[in-house]
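Protein chains: 2
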Amino acid sequence: MARWEPDSRGRLEQAALALYGERGFENTTVAEIAARAGLTERTFFRYFADKREVLFWGAGALQELLVSAVASAPDSAAPIDAVAAALEAAGALLQERREFALQRQTVIAANTELQERELVKLASLSAALAGTLRRRGVSDTAASLTAEAGIAVFKIAFERWVNESNQRDLPQLIRESFDELKAVTAGK
Amino acid sequence: MARWEPDSRGRLEQAALALYGERGFENTTVAEIAARAGLTERTFFRYFADKREVLFWGAGALQELLVSAVASAPDSAAPIDAVAAALEAAGALLQERREFALQRQTVIAANTELQERELVKLASLSAALAGTLRRRGVSDTAASLTAEAGIAVFKIAFERWVNESNQRDLPQLIRESFDELKAVTAGK
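Taken in order, these protein sequences are the chains called V and Z.
Under the numbering used here, read the first sequence as residues 213 to 400, first letter to last.
Under the numbering used here, read the second sequence as residues 213 to 400, first letter to last.
Wrong hints could be hidden among the right ones.
Which copy? The list can't say, so a pair holds if one copy fits it or any two copies do.
Said to hold, decoys possible - Once the Cα atoms are required to be at most 25 angstroms apart in a straight line, the calculated SDA-like pairs of lysine to any residue come out as: (1) 333 with 250; (2) 367 with 239; (3) 400 with 285; (4) 400 with 339; (5) 400 with 284; (6) 333 with 371; (7) 400 with 286; (8) 333 with 346; (9) 400 with 251; (10) 400 with 348; (11) 400 with 349.
Hints in this document: simulated from the structure, not taken from any laboratory.
Just chain V, with the same shape it has in the complex (with noise of 0.2 angstroms):
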């Protein structure tokens, strides 16, 4: 394989995304994103358990990506910021892939089952996130409600970025949410 080539996985993602795009995510066959990826069925399933999967097989590196960074704040770090900061990190990343999240945003919009299952993302990041205060010695409560805001301030963030058209960078939208949030918490 010439070294220019993507991946089996970034083809069949490219392709899988796609024919999303064009015929709708209900309406694509895995045999019809192996065959527009140049490769069988079976490597398909190498990858991805199944369609679905393509779009979300991000989640757990997030996950991780998350934990371990508010894991490794500093001790003297209040939890809100450690969580800032994660959700900053995690931001930076899929800024880089921003023609995808795009494309990926545009799929699950148009699909109610995809969103539900967007939703539960979601909701396990959020678990994941106060598990992680938990054991940083946060209490439960403060925990859960830290994790629950940090999410809900990358969803609102997030969808600032794929739906306006200025272009700022998603790290410094979760910036700007983060201190929003702070904000209206106060009472402003």
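Given chain V, put chain Z in place with the hints provided.
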């Protein structure tokens, strides 16, 4: 019908909750619920579209209550305080149905599909609250953040209410959780 008999909807609800608890949501049929309630399947379908709706029919009323409470808050109320007051009012209603809420929670905790449905319900409540805040002149991002933060508080207060043995009432737990949210977002 004697005056002390619960209405048909209430009887069906009680029968359904009892059966879901005994044999699991997925192993209960509408025919069994109707039989347990001493009613016909036809009567069941006059009140509920399916067996899942027994657990979710209250969501519409909850949403209306929250929206109208936020819409009618004094102009001087900060958005977060309008949302907090609305959620406390909703909490007071749920407090009166504590037994039902506990049974319902046990059923939902045992079933992934129902948990997903619950997440979708909470996301709808958040979107409805954000829309109401926007109509009060709150900016787009502040409205979304306030609504998401409010729903996060509600969710966490509800979990404490259901799981803690200390029997504090739900409006009080909602109030305390809002105060704790203010503390954690302030970096305390």
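Comparing the hints with the structure gives:
In this homomeric assembly, residue 333 and residue 250 never come within 25 angstroms of each other (Cα to Cα): the closest approach is 30 angstroms inside a single copy and 41 angstroms across copies. In the homo-oligomer, the alpha carbons of residue 367 and residue 239 never lie at most 25 angstroms apart, since the shortest distance is 28 angstroms inside one protomer and 36 angstroms across protomers. In the homo-oligomer, the alpha carbons of residue 400 and residue 285 lie at most 25 angstroms apart only across protomers (16 angstroms), although the nearest pairing inside one protomer, at 29 angstroms, exceeds that limit. Taking identical chains as interchangeable, the C-alpha atoms of residue 400 and residue 339 lie at most 25 angstroms apart only when they sit on different chains, with a minimum of 20 angstroms there against 28 angstroms within one chain.
In this homomeric assembly, residue 400 and residue 284 come within 25 angstroms of each other (Cα to Cα) only across copies, at 19 angstroms, whereas the closest approach inside a single copy is 32 angstroms. For a Cα distance limit of 25 angstroms, the shortest separation of residue 333 from residue 371 qualifies both inside one copy, at 16 angstroms, and across copies, at 19 angstroms. Taking the shortest Cα distances, residue 400 and residue 286 sit within 25 angstroms of each other only across copies (15 angstroms), while inside one copy they are farther apart (30 angstroms). Within a single copy, residue 333 and residue 346 get their C-alpha atoms as close as 20 angstroms, which meets the 25 angstroms cut-off; across copies the closest is 27 angstroms, which misses it.
In this homomeric assembly, residue 400 and residue 251 never come within 25 angstroms of each other (Cα to Cα): the closest approach is 55 angstroms inside a single copy and 53 angstroms across copies. Only between protomers do residue 400 and residue 348 lie at most 25 angstroms apart by alpha-carbon distance; the minimum there is 14 angstroms, versus 30 angstroms within a single protomer. Taking CA atoms no more than 25 angstroms apart as the test, residue 400 paired with residue 349 passes between copies only; the shortest distance there is 13 angstroms, against 30 angstroms inside one copy.
In summary, the structure is inconsistent with hints 1, 2 and 9 from the numbered list given earlier, while agreeing with the others.
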